[in-house]
Amino acid sequence: MGIEDGKRRRGPRSAAHELERYSALFAARTERMRSSAIRDLMAITERPEVISLAGGLPDTSMFEPELFRSLMDGVSLDSLAAALQYGPTEGLQVVKECIVELMAGESMPVAADELLVTTGGQQAIDLVCKTLLDPGDIVIAEGPTYPGAVPAFCSYEAELIQIEMDADGMQIDVLEQTLERLAADGRRPKFIYTIPTFQNPAGVSMSLPRRRRLVDLARERELLVLEDNPYSMLRYDGEPLPTLRSLEVPRGSRDGGDFVIYTSTMSKILSPGIRVGWVVAPRPVLAKLNMGKQSTDLCSSPLAQYFAAAYFAGDWRTQIERFRECYRLRRDAMLEALATYLPEEASWTRPGGGLFVWVTLPDYIDTTDLLARALRENVAFVPGEAAYDDGRGHNAMRLNFSGSDEERIRAGVLRIGKIVGEQVALYRSLTTRQARPATPSDLTAETSLADVVSLPRRDQRAQARSREL
Amino acid sequence: MSRVAVLKGGRSLERQVSLSSGARVEDALERLGHEVVGIDVGADLLERLRDAAPEIAFIALHGAGGEDGTVQELLEVLDIPYTGSGVGACGRCSDKVLAKHALRDAGLPTPDWVAFSETALRELGAADALGAIVHRLEFPLVVKPASHGSALGVKFARSAADVPTALVAALSYDQKVLLERFVEGRELAVSLLAEPGGGLEALPIVEAIPRGERYDFAARYEIGRTTFECPAQLERSLAARAQEVALAASDVLGADGFARVDMILSADGEPQILELNPIPGLTETSLLPQAADAAGIDFDQLVERILDSARVRDPARRASSLG
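Line by line, the protein sequences give chains P and L. Residue 174 in the numbering used here sits at position 171 of the first sequence; the count goes up by one each step and never skips. Residue 303 in the numbering used here sits at position 295 of the second sequence; the count goes up by one each step and never skips.
This is chain P alone, in the form it adopts within the complex (with noise of 0.2 Å):
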């Protein structure tokens, strides 16, 4: 009612504007929620003729119809009013027993008790943030980092530090000089963010000793270090390698670990729309999350917990092996895709597992501006820009493989390689005194995949570009 006649409130300077009306009343944080030309951008793809590659989704159709409803008739006859009543703030006991289960399987011993059942993983990160950070604090993350946690670092006010990364996961030597620059100036990370296999959006994971070498510094320097894994279970080759959670608290130690929270979600290996992740967090440290989550949403959706302890009780790891064959697949055309269609001035990743592939075009290309040319051609990504904080990225893209059959992907891939090829070739023909067309062509030369992930820093581009001229 106030609001209806304030409308009608005249005066020599109006308070107009409506969102002016409430400007006064919004958290100083919301500051930082900005809205963006890559959102406005990404409301298009979702028209039905668009290939998008932009999503990070797992293909929910290959779920069958028969598998959930057999499985959500167990939950309607064994625990339906349970089911539908509020459930413990820390999860349900059956879905904390699966957890235990499938992290024994990637050489993580953990007790029920040290778990969190989150509302997806990104809750995970959010009550993190929520819990450790105050305005100002410092997150450091790799450099591209998942697209997801940059609001969340920001919506808490955090600063942002973003690591480069090369073929072996984020450089471990650039950590440390950072961290001795910020000590220089007394100050510290409240945590290191991090997802070390199959990262998004990257696609590459970080090597054994780097591994090593992290959880040395955490425990050197007794920094938190958020260990996001997701995709471990989607390898397509290579042998696993061992989560920074299996390196600090080895198999048969009956302590916990000190300094890494480590977060998973169903959402790869069962649905993301069932929401359901979970954190493993020192003692104190969860204590703290489960106040954080009880303010959040009391408890994570009892219903979806059952039907996934349902699912896990089965023959899960079946219907695993069904996504692993599909997406690998899947990556192989993109990858095949990428090296037909793009021109020879593009790199990117291979990853053995995962969900996405990063790739770099030249430095002259704003993959903003290429997602406008690219929705005229009815394919869409997602631009590197959105995985930095600092601007840099923006001659990156996210390519996601898991969404979308290998003739979309084909069809998908030949678009994107199609205006990356014109922009090539107009570019060459406004820095060069002879224009010559760009042909696309097989990428024959084994590119390092250091050059493919580490971004030149901003002067140097400017040097680069102006050498060009």
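Keep in mind that the hints were calculated from the coordinates and are not lab data. Please note that a few of the clues may not be correct.
Unchecked claim - Derived CB-CB ranges, DEER-like: (1) P:L60 <-> L:Q183: 29 to 39 Å; (2) P:T321 <-> L:R166: 36 to 46 Å; (3) P:L211 <-> L:E192: 26 to 36 Å; (4) P:A186 <-> L:E131: 34 to 44 Å; (5) P:P138 <-> L:R166: 31 to 41 Å.
What you are looking at is a predicted structure, and each value in this text was computed from that prediction instead of being measured. All residues carry an ideal CB built from backbone N, CA and C; glycine is no exception.
With chain P held as given, fit chain L onto it using these hints.
This is chain L only, laid out in the frame that chain P set:
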């Protein structure tokens, strides 16, 4: 009371903004007692219009397709009256190069520019002439796609080294781009609204003020990094001059119903016209509703006036555009 089709959404890059403009217009029309049919514009537009059989169409589309005369042309063919500018004015305004030529020919101030098409750059050796041309305009320059009213693809070039990259970006949005001399000054938006008796009146001026002390080009286009002041604190004579120039621009370009003229008030006190938006945003954060509010016109009254102007538009003029 009328049966009004609200055309919104569409396939342009400004789809999101258009959906919120459209939703607000629908609410207002319902409060005003009209029968409202919202249409998200797609390939089935013709069919949807036939089914809806509106007496009048309220066009709340922004960007390509909706603001460039395409939908207007279709409505002419179907003989459905519609809000805002006609086909010709939309066409002129949505091409910044055509608009700037028309303004300059009429003696109105607009920053110096050079325009290129992608074909010219690629095939006619324009790239070779680029150095000489940008030298003539002097840096810094603003490089923009010729179409599109939003900030997408607009780049700032401090020196010749920035130009090729900026051109590649702008050409992602359009076949034609312009390089415009950057004018430093205060950024003003003059909203125009149909008067009950016909013709347009200028509403109070909105000034966009980038936050922070250092002048930041990116801030102009980032939500939350610019504050808007309405009415802008301007000397009366400067405000009057800005409004006069805006009305003259709308005359030259043939705008109708409502419009927003964006300009820079340079240090010498002369407003330099950047562009005329024939269908400015009507969202909660848009500038035209803010200007109307400052003039004592609430959103419902604003929508009613835009609708009325479409009803009374001279049928002869509409017919002549078909002849």
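Structure-based check of all given hints:
A hinted range of 29 to 39 Å for the beta carbons of L60 (chain P) and Q183 (chain L) is consistent with their spacing of about 34 Å. Hint check: T321 (chain P) to R166 (chain L), Cβ distance near 59 Å, so the stated range 36 to 46 Å is violated. For the hinted restraint 26 to 36 Å between L211 (chain P) and E192 (chain L), the CB-CB distance of approximately 55 Å leaves it violated. Under the hint 34 to 44 Å, the C-beta atoms of A186 (chain P) and E131 (chain L), about 58 Å apart, miss the expected range.
The hint said 31 to 41 Å for the Cβ distance between P138 (chain P) and R166 (chain L), and at roughly 33 Å that hint holds.
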